[in-house]
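**Q** What follows is each chain in one-letter form.
Protein chains: 2
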Amino acid sequence: MLKKKNSYVVAIVGATGVVGQEIIEILAERGFPISELVPLASERSEGERIGYNNKSIIVRKLTKDAFKSVDIAFFSAGAASSKEFAAAAVKAGAVVIDTSSAFRREPLVPLVVPEVNAAASSKHSGIIATPDCSAIALAVALNPIHDAARIKRIVVTTFQSVSGTGKKAIDELAGQTVALLNFQDIKTSVYPHQIAFNCLPHVDAFLENGSTEEETNIVNELRKVLGDDSIGVTATTVRVPVFRCHAAAVNLEMEKKLSANEVRALLSAAAGILVYDDPKKNLYPTAIDVSGKDEIYVGRIREDESVPNGINLWLVADNLRKGAALNAVQIAENLIQ
Amino acid sequence: MLKKKNSYVVAIVGATGVVGQEIIEILAERGFPISELVPLASERSEGERIGYNNKSIIVRKLTKDAFKSVDIAFFSAGAASSKEFAAAAVKAGAVVIDTSSAFRREPLVPLVVPEVNAAASSKHSGIIATPDCSAIALAVALNPIHDAARIKRIVVTTFQSVSGTGKKAIDELAGQTVALLNFQDIKTSVYPHQIAFNCLPHVDAFLENGSTEEETNIVNELRKVLGDDSIGVTATTVRVPVFRCHAAAVNLEMEKKLSANEVRALLSAAAGILVYDDPKKNLYPTAIDVSGKDEIYVGRIREDESVPNGINLWLVADNLRKGAALNAVQIAENLIQ
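Residue numbers (our numbering), protein chains in the order written: chain W, 1 to 337; chain G, 1 to 337.
Heads up, a few of these hints could be off.
Note that the list lumps identical chains together, so a pair holds whenever it fits in one copy or between two copies.
Derived DSS-like pairs (lysine-lysine); straight-line CA-CA distance at most 30 Å [claimed, not checked]:
id: 1; residue 1: K280; residue 2: K256
id: 2; residue 1: K152; residue 2: K257
id: 3; residue 1: K280; residue 2: K167
id: 4; residue 1: K281; residue 2: K187
id: 5; residue 1: K152; residue 2: K91
id: 6; residue 1: K83; residue 2: K168
id: 7; residue 1: K61; residue 2: K281
id: 8; residue 1: K280; residue 2: K55
id: 9; residue 1: K64; residue 2: K5
id: 10; residue 1: K168; residue 2: K280
id: 11; residue 1: K187; residue 2: K280
id: 12; residue 1: K187; residue 2: K167
id: 13; residue 1: K187; residue 2: K168
id: 14; residue 1: K168; residue 2: K281
id: 15; residue 1: K55; residue 2: K167
id: 16; residue 1: K280; residue 2: K83
id: 17; residue 1: K257; residue 2: K3
id: 18; residue 1: K61; residue 2: K5
id: 19; residue 1: K281; residue 2: K83
id: 20; residue 1: K64; residue 2: K281
id: 21; residue 1: K4; residue 2: K281
id: 22; residue 1: K123; residue 2: K3
id: 23; residue 1: K68; residue 2: K256
id: 24; residue 1: K256; residue 2: K152
id: 25; residue 1: K55; residue 2: K5
id: 26; residue 1: K61; residue 2: K91
FYI, nobody ran anything at the bench for these hints, they're computed from the structure.
So that you can see chain W by itself, here it is in the shape it has in the complex (with noise of 0.2 Å):
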């Protein structure tokens, strides 16, 4: 359990990716009360400097020594570097937070989204996991609706930016983009097939039952996260050329029926959510505007009279902010109260 302090030293593993980068400057946005903070990455990045409340803070090396006096330690290098290094971490008194895939499904790790289940953090025994990006997005926009009406079953299809991927995903799709308009051969390293003008169903490693990782993660966790294993889920995830945010078409099936408006104002009224819908006026979430917000933004809430109680809607989150970075540090927030 973590101590009671006046300010704490964090540690980031991965500081100078992508959602490092994020979890440092979420950090100093919210003024989270840092005694140290301890960027940690590979070797390679070694030496490299960060900044962070306008100081420029040196990137040590991660070693299994790196986290002495280290309060709590955010990890956001992959699951292999979570794997190697959080035990460490652990053993050297810190709270890890968790944002890969490592953890999540070890039954005594909480898998924590703090608008559905905060209370599930108390019980952590040194590791805390985050949920996959896009099933943090599900869970804040699905628990309102879960709780006022049972969800039955959820056909989810996500349009993922290749900011998920990381640092070279971004630049291969910028590199692809210019490549094309400048009639040059693209290069493909990052994805096996072209980003750029394209459209990849497939996000992350394929699995024996031919469905990929985030697709099965999507699906755990989201049943993780709202406590109840009874809800049917099945996804197709896609990596579609944008570079930030992630979004989500979803239909619902519930056991009660709402209407459109009583949806809508149940997510109104909820934490984390915006509702942001009025299709007449052309007003539906889109990555561009969601780019660096907080919320969930959700849309194109209707009807479906194709069953009984059914729901579409459309969701869009920041997969770096809340899809990542944002949620782990609203786990450390609510650590320290």
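Start from chain W and add chain G according to the hints.
**A** Just chain G now, kept in the frame of chain W:
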């Protein structure tokens, strides 16, 4: 009814548009027996020249008198133009094959996808309609499954390219992309929001019930072509920053259980479909690969365990070819057989 001849006088209404151009190309490519090609367009394009079989033909102005001695008139200039001029073409003795939405819901107008309901075209009264581009692709891909296992419900989310809107939309995507990469402000005119590096859950106008026309067309036209109004269909249509080809993530509930392998076998044996599905080798269809192709490409075929007899699949079709021009030419080929 069309009189059988050795060759036909064929008019193209909207000859300078993206679909009109594609019809002319496909007629030449497939050696359609044409004695005279009559390209028609609005006053703005009158006098322009279009290429056909290495000849250059002058575009004439579309008027009600333009159809004298025309046997077959392809209409591809939008619903308003079809509503204004199709009757004149029929009166002049032509059979109209209309790619617009003008007559698709008329009970007496056959809505035809040759692979699915070719026989319907024989019952026309002068006009045969070709369905919405997304409905065509769905009808071709789902018909064999419906025949084998009766589809009860379809949840579809589309990824539609800008060429579905027309030439100006293609220019808008290219123009906005160039501007953004040069850190300049973008202009929006065809779409209400930025389309470059963004996805808009908005294809065609919004209706009173919150759905778009495209979403409503998919529901109605898919049922009409499959000849089964009892199928539950719900659609979310999304414009993506892709130049050509529409994709769709499709979730099916069937009366009878089909395994993913059984679906693969059914679709592989059906006309007009290419199963492209080997995730272990990163093989699944994308817009870039399917551009210029005639078949509906289907991949990511997976069983969905959230319902008793569920299947997920991903399809991609060239919206200008099979989604419009090719389907229209195939209808004409059947007429002259």
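**Q** Would you mind marking each hint as holding or not holding in the structure?
**A** Hints versus structure:
1. For the homomeric pair K280 and K256, the shortest alpha-carbon distance inside one copy (28 Å) is at most 30 Å, but the shortest distance between copies (41 Å) is not.
2. Taking the closest pair of Cα atoms, K152 and K257 come within 30 Å of each other both inside a single copy (12 Å) and across two copies (21 Å).
3. In this homomeric assembly, K280 and K167 come within 30 Å of each other (Cα to Cα) only across copies, at 25 Å, whereas the closest approach inside a single copy is 37 Å.
4. In the homo-oligomer, the alpha carbons of K281 and K187 lie at most 30 Å apart only across protomers (19 Å), although the nearest pairing inside one protomer, at 40 Å, exceeds that limit.
5. Proximity of K152 and K91 under a CA criterion of 30 Å is satisfied in neither setting, with 41 Å inside one chain copy and 55 Å between copies.
6. For the homomeric pair K83 and K168, the shortest alpha-carbon distance inside one copy (22 Å) is at most 30 Å, but the shortest distance between copies (51 Å) is not.
7. In the homo-oligomer, the alpha carbons of K61 and K281 never lie at most 30 Å apart, since the shortest distance is 51 Å inside one protomer and 36 Å across protomers.
8. Proximity of K280 and K55 under a CA criterion of 30 Å is satisfied in neither setting, with 47 Å inside one chain copy and 47 Å between copies.
9. Taking the closest pair of Cα atoms, K64 and K5 come within 30 Å of each other only inside a single copy of the chain (24 Å); across copies the shortest separation is 84 Å, beyond that limit.
10. For the homomeric pair K168 and K280, the shortest alpha-carbon distance between copies (23 Å) is at most 30 Å, but the shortest distance inside one copy (39 Å) is not.
11. In the homo-oligomer, the alpha carbons of K187 and K280 lie at most 30 Å apart only across protomers (21 Å), although the nearest pairing inside one protomer, at 42 Å, exceeds that limit.
12. Both within a single protomer and between protomers do K187 and K167 lie at most 30 Å apart by alpha-carbon distance, with minima of 16 Å and 28 Å respectively.
13. Proximity of K187 and K168 under a CA criterion of 30 Å is satisfied in both settings, with 12 Å inside one chain copy and 29 Å between copies.
14. For a Cα distance limit of 30 Å, the shortest separation of K168 from K281 across copies, 22 Å, qualifies, whereas the shortest one inside one copy, 37 Å, does not.
15. In this assembly of identical chains, the alpha carbons of K55 and K167 lie at most 30 Å apart only when taken from the same copy (23 Å versus 51 Å across copies).
16. In this homomeric assembly, K280 and K83 come within 30 Å of each other (Cα to Cα) only across copies, at 25 Å, whereas the closest approach inside a single copy is 49 Å.
17. Proximity of K257 and K3 under a CA criterion of 30 Å is satisfied in neither setting, with 46 Å inside one chain copy and 56 Å between copies.
18. Taking the shortest alpha-carbon separations for K61 and K5, only the intra-copy value of 27 Å comes in at or below 30 Å, while the best inter-copy value is 81 Å.
19. With identical chains, the CA atoms of K281 and K83 are at most 30 Å apart between copies only, with a shortest distance of 28 Å across copies and 48 Å within one.
20. Taking identical chains as interchangeable, the C-alpha atoms of K64 and K281 are never at most 30 Å apart, the minima being 55 Å within one chain and 37 Å between chains.
21. For a Cα distance limit of 30 Å, the shortest separation of K4 from K281 qualifies neither inside one copy, at 49 Å, nor across copies, at 51 Å.
22. In this assembly of identical chains, K123 and K3 lie within 30 Å of each other by CA distance solely inside one copy; the values are 15 Å within and 80 Å between copies.
23. With identical chains, the CA atoms of K68 and K256 are never at most 30 Å apart, being 52 Å at best within one copy and 60 Å at best between copies.
24. For the identical chains of this complex, K256 and K152 are neighbours both inside a copy (10 Å) and across copies (21 Å), given an alpha-carbon limit of 30 Å.
25. Taking CA atoms no more than 30 Å apart as the test, K55 paired with K5 passes inside one copy only; the shortest distance there is 23 Å, against 83 Å between copies.
26. Taking the shortest alpha-carbon separations for K61 and K91, only the intra-copy value of 18 Å comes in at or below 30 Å, while the best inter-copy value is 81 Å.
Hint violations for this structure: numbers 5, 7, 8, 17, 20, 21, 23, all remaining hints satisfied.
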